[in-house]
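S.K.: Below, each chain spelled out in residue letters.
There are 2 protein chains.
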Amino acid sequence: MTHTIQFLPHNKQITVADGESLIRAAMEAGVHINASCGGGGVCGKCRVRIESGEVEGGISEKLTDQDREKGYRLACLAKVTSDLTVRIPVESEVETSRLTQTMDRHTARAMTVNVEDLKQDGLFIPPVEKIYLELDPAVEGDNRADVARIMHHLRIHHDEHRLTMDLSLIRRVPDIIRQENFNVTATILRPVREDGKNEIINIEPGDTTNRNFAIAVDIGTTTVFGQVMDLQSGEVLAQQGEFNAQISYGEDVISRIMYAEKGDGLATLHKRVVETINKIIKGIIKKAKIGTHEVSTITLAGNSTMTQLLLNINPSYIRRDPYVPASILYPPFHATEIGLELAEHTTALVYPGVSSYVGGDIISGIMASGMYRSPELTLYMDIGTNAEIAIGHQEWMVCTAASAGPAFEGGGVKFGMRAAKGAVEDVSINPATYEPMIITVGNEKAKGICGSGLITLAARLLETGIIDSRGKFNQELDTLRIRQTDEIWEYVLVYEKDTQIERDITITEPDLDNLIRAKGAMYSAALTLLDEIGLKVNDIERIILAGGFGSYVDLASAITIGLLPEIEPDKVTYLGNGSLLGCRINCLTNSLRQQVTQVVNMMTNFELASTPSYMDHYMGALFLPHTELNYFPKIKAKLEALRK
Amino acid sequence: MTHTIQFLPHNKQITVADGESLIRAAMEAGVHINASCGGGGVCGKCRVRIESGEVEGGISEKLTDQDREKGYRLACLAKVTSDLTVRIPVESEVETSRLTQTMDRHTARAMTVNVEDLKQDGLFIPPVEKIYLELDPAVEGDNRADVARIMHHLRIHHDEHRLTMDLSLIRRVPDIIRQENFNVTATILRPVREDGKNEIINIEPGDTTNRNFAIAVDIGTTTVFGQVMDLQSGEVLAQQGEFNAQISYGEDVISRIMYAEKGDGLATLHKRVVETINKIIKGIIKKAKIGTHEVSTITLAGNSTMTQLLLNINPSYIRRDPYVPASILYPPFHATEIGLELAEHTTALVYPGVSSYVGGDIISGIMASGMYRSPELTLYMDIGTNAEIAIGHQEWMVCTAASAGPAFEGGGVKFGMRAAKGAVEDVSINPATYEPMIITVGNEKAKGICGSGLITLAARLLETGIIDSRGKFNQELDTLRIRQTDEIWEYVLVYEKDTQIERDITITEPDLDNLIRAKGAMYSAALTLLDEIGLKVNDIERIILAGGFGSYVDLASAITIGLLPEIEPDKVTYLGNGSLLGCRINCLTNSLRQQVTQVVNMMTNFELASTPSYMDHYMGALFLPHTELNYFPKIKAKLEALRK
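If you read the protein sequences in the order shown, they are chains A and B.
First residue of the first sequence? That's 1 in full-length UniProt numbering, and the numbers climb one at a time after it.
First residue of the second sequence? That's 1 in full-length UniProt numbering, and the numbers climb one at a time after it.
Any given hint could turn out to be false.
Each pair may be met inside one copy or between any two copies, as identical chains are not told apart.
Below, in silico cross-link-like pairs of lysine to aspartate or glutamate (EDC-like), each with a Cα-Cα straight-line distance of 20 Å or less [said to hold, decoys possible]: (1) K497 / D136; (2) K12 / D498; (3) K197 / D166; (4) K70 / E444; (5) K286 / E194; (6) K644 / E476.
Derived from the structure by calculation, the hints contain no laboratory data.
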C-alpha cells in the first residue's frame, strides 16, 4: 500500500510506502525540514502541520497541547498511514521559492536475482544436480562393476555422458550402493567448460534429490558474507556476515600482502580467512537446518589478494611492479582442500579475476549484472577504497582499478564512519539559513558521517554556495556554522548537544579535499577507459553501481559532485554486494560458470599507472563537479540558477 | 655366437648359444642323458663323449684319467664353445631307436617391447612430456598472470591446447617462474581419453627436459615387480622384485579379502602393499641414480583384488556371489594419494580390469601383447592358480577366469615348489629303462618340482606309458621307480642321495590328478569361450602365454598333456610378466592409455559358473590329453606310435 503526500508551501508531491517516516519522505521529496538530531525526536525542530489525512505517532513533549490540536507533529516520529497534505513551517517566502529549486532525489533501482526469471529462461540449471537411480541389483548373469552399473544407468536412462568419478568416491561406492538395495542418488557436477566432463561427485543411498544446497561467499578485505541456497527452489535460506579475521593483520590488501611475505604470514592469513568462512558456513547451515553433507557446492569471490590468500598462494607479486597475479582462472577443487569444513565431495569454485587489481569480486559482480550479454554500453563501478571500473557490452569490455582512498568508506574524514547506527546518511541544507536537516542510520543522535552522507553533504554544500568548486568554504556567508578551528575551515553539521559524541560534528576542507580526490580518481578512471577506446561520457547508456555503497548513495548528489557522469537517474541500477550476488547466481545456473571464462577472456585490462592520459584526466576531475563543466550541462545550469 | 651340436647315435642336431651347458643343449634337442642330480656334477651319470670340437669344463673326479683322454666329459659341467659332435652312451640299440621318436622340444618365442619399433611407428609418445619454455618476463605493459603466461606460450609456440593446471601446482608457480627469469620446463600429462585435457602437472625452473622418468609396477598376489624407465630413450634403467608384504595375511586373494573384511584389515593390507611398492621404488630409483621428483608417472597393474587393496577399496563383494568389483576404470590420480613415496605431481594410473577375476594384470598383458589390434584369432592364457583366458582379435574379445588350483605353481603337489633353485624344471625319461634325466633351476641337487617341470614330467610319463590317459600308473612296468607308498602309487623322480631334502622326490597319482584338474580347467575354459562364440579350437591362429610360467614351459609337453590346444609351436609366443610389460608400454606410448578403455569396453566377460557348457567341457578335459582325441590328432598319432 502506498500513500501520496503533498508538501506545502513547496507544492512537492511524493508517493511512499505505508508506514514510512514522514521526515524520510520529506528528504526524499527534496523538502527541507529543520532537523538536527538525526530523526529520533530529540531536537523537536522538525515540526510540521498535517493539513489533511492521518499519521501514526509524531506526538512528543516537545509539542504543546495547542500545537497538537492544530495538527502539528514531529515529522521524524510520524509514520505515514494515509494520503497527506503536510505544511512545512518556513521562515521567509524567499526561502520557500529557493527550496523548490532543489533537484529531485534518487536512489538507484536495485537489481536482484529473480529465480522465477531464471526458470522461465531455462537458465535455472544448477551446476550440481542430484538424480535418483533405481539400479538393477547385481545378480548372477549381471555382475557389472558397481561404478560401471551407475554410469551405464545414467547413460541409458538419463542421457548423461562423459561421466567421471574420482578415486575417493569410488572407494565409498561398493558399500553405499548396497545400503538401499541399489537405489542411490547421484550428485553430478556440470563442467566449467562446455566440452568438459560430468563428474559424479557423490553417491548417497536412497532418494535424497530434495536435499541439495549451495553456498555463496563474498570475501571482502573487511567483511565476509555468506548465503546458503536451496538448489531445488533457488531460494536463500540463510545468510551471515562476519568481519574478515585477517583484519588484525592489516586493514588493506597491501598490508596483508606485506604480512604474508614474513615468516609463516601466508599460512596465518590463509587460516584466518578460512576460519571466518567456516564460522559463516556453520552459522548459515545451522540457521537453514541442513547438514554439512547436503551442501554440494560453494562459490567464492574476492579481490585478487583475497583470492590468493584464500587459496594459500603467495600474493607477493601482486604488489610488486609489474603487479602480476598467480592466475586468472582457477580450476574447481574440493572444498576440503583449502580447509573449508564441508563434506569431502563438496566442490568449490573461485571466481576468476582479470588482473592484480580487478579481481574475482568484480568479475562476479559483472556476471551478476548481466552487462556482458547486454547490447547497451554499460559503466560498472564498484565504489570503495579500491575502485574498480568496467565499461563495455556484449561484444567487448575494458576494465581498470583506481586507488580512491578510504573517503567513501568514512576514512580520511574527520568525523567519517561506516554506515552504522548514528551515521549521518542524508542531509538537506536550507539555502537561506544554511541550517542543515540530517537523517541518521537508525534515527539515533549522530555519531559521524558515512560515505553516502558525505556525498550528499558535499553536494548540498556546493548547491548552497557554502563551498566552491574547489571545495573551499565561502568565508563571507552569514552563518556561525562556517568557522575556523585550528586554522582549518569547517562547517558544523551537528552541534554537540545533538550528538552522541559530545563534540560538534563538522566537515572540514581536508575532508572535502579527500572526497574530491576519491571521486576524481573514480571519474577520471572511467574517462581514461573511455578515451582509450575512443568513446565519450555521453555514449554511456547505463550505469551499474556495486558495493554496499551503491545502495544508499543519492544519485543526484553523486552526479552533482562529479562522482558519476551526468545520466538519467533511471539508467542507474545498483547491485549491492555484486560479488555475493554473482556467487549466488553461479550456484543457480551453470551456464554462468561456462560464460565466465569467455567474459574474462574478452576483458581488456588497463593499468592506469601505464596509461599516460590518466594523470591529465585526474587533475581535471579534482573540481566539483569537474574542470570541464560541459561534461555536466545540467549540473552547470542548476548551479548557475541556484547562485543567482 | 652360436654353435651346432650333433648328438650321436640319435643323429639329432641343435644350435645353441656360446657358453650354453651341454646337458641343457641335449635336453632341448630331445636327447636323453642319464642325469639324476639336476645338473650340478654330483651324480656323475651324464657322461658323454666329445667326438669333435671343444667344450669348456666338464672335468670331474667322477671321471677317470682314461675317460678324460677318451674325450668323456660330464655334460652338466661342460659349456659349449665350438661346434661339436657328441656321443651319448646308450645301453641298447632299441633304446636308441626309441629315443629318436621323442618329439622336438620347444619353448615359445618371447615377445618384448622394442622401443625402436615404437619410435618408427610414431608410437613413442610418452603420456608425460616435458617442454622447455623461454617465457617473456613480466614487465610493465605485459603483466599477465603467471599461469596465463605459461598457457599462452604453450598455445602459441607449442600448439598445446585444452590445458589445465591444478591448485597445488598453481600455488608453486609464482615463485618457480621467477627462479630462472621466466625460463621453465612444463611437464604435460596427456589425456587418457582422446577428447580430454592436457594437464600441466609440473613446472620446474630452467631446462630439465632430459630428466623425465616413469615407473611400471606389476602387483602380483605373491610378488611385486617394478621397473624405472627413461622417457627420453625408453630404456629400462633398473628393476626390482619383492614379495608382496601382504603375503603374511593370506596366500591367495580369497584369504586376503577375508582378512580385509575384519576390523582394520583393509587398511593394513593397503598399507602393506604400498610399503612393498615403496621399497621397490626406493630401490630402483637409487639404482638408476635419479631423483624421486624426476619420476613423472607410474603405471600399476594387478588382479582386481590387488587393485582394490592398492586403492584402499573394500574388496568384499569380489568374493561374494555375484562377484562384483568396485569399478572397471579408475581415473588417473596423484601417486601420493595412495601413499606412494613419489613427488606431489607424479601421476598414477592403474590398469582397468574387466571383472572380479579378469583384472588389470590381464588387461595389461593383453595390451602388451597387441592382440587387440591384430587380425589373427588369438588365445591369451595367463597360467597360474587363477587362470585367465582371453580370445579374440581386433574386432571382438571374450574373456573368462578359471580356478585352476595351485598345481602350476607347485601347490597341491607332494614335492611341488616354486621355480626356485633346486626345482626340477626339465625332465626326460628313457623309454626303455624308465630312468629319468632331470635338470634343476640353478643346477643344484633337486629339492622339488616346479610347475613347468611338472608339465614336462607328466608328458614324459604319458609318452613312455608309465601313466595312462587318466593319470594312473602302469603297475606292470619293469622298474622300481613305480611303487606304492602308503597305498598311493608314485614314480620316483630323484632318489634321496641326489636330493637336498633327504627324501626320495616322487610324483604321485594325487599329484597327477591335481595337475589334470588344473590343465582341464584351463583348456575347458578356452573351449567354453570358443563354444559360446561359435568357434572351434583349430580356428585359433596364435597363442600368447603370460605369467612367469609361460617363459619356461615346454610347449610340446603342454600340448601333450592337453593344457594347450594342438598348434604349431611357432604360433605360440610368451610374454613373461605381461602385466609388467603392459605397464611399461603404458609409460612409453600414450595411445595405449587411450586404447585400453576401448579394449575393456569391447571385451565380453563370461562367468564360467553361469555358463552351463563349462561343466561338460571340464569333465571331458580331465584326461591326458583329452577324452576327445580328435582335438589332438598329432598327439594321438605320436602316442600310438610310441606305444607300438
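S.K.: What are the numbers of the hints the structure violates, in ascending order?
M.R.: 1, 2, 4 and 5
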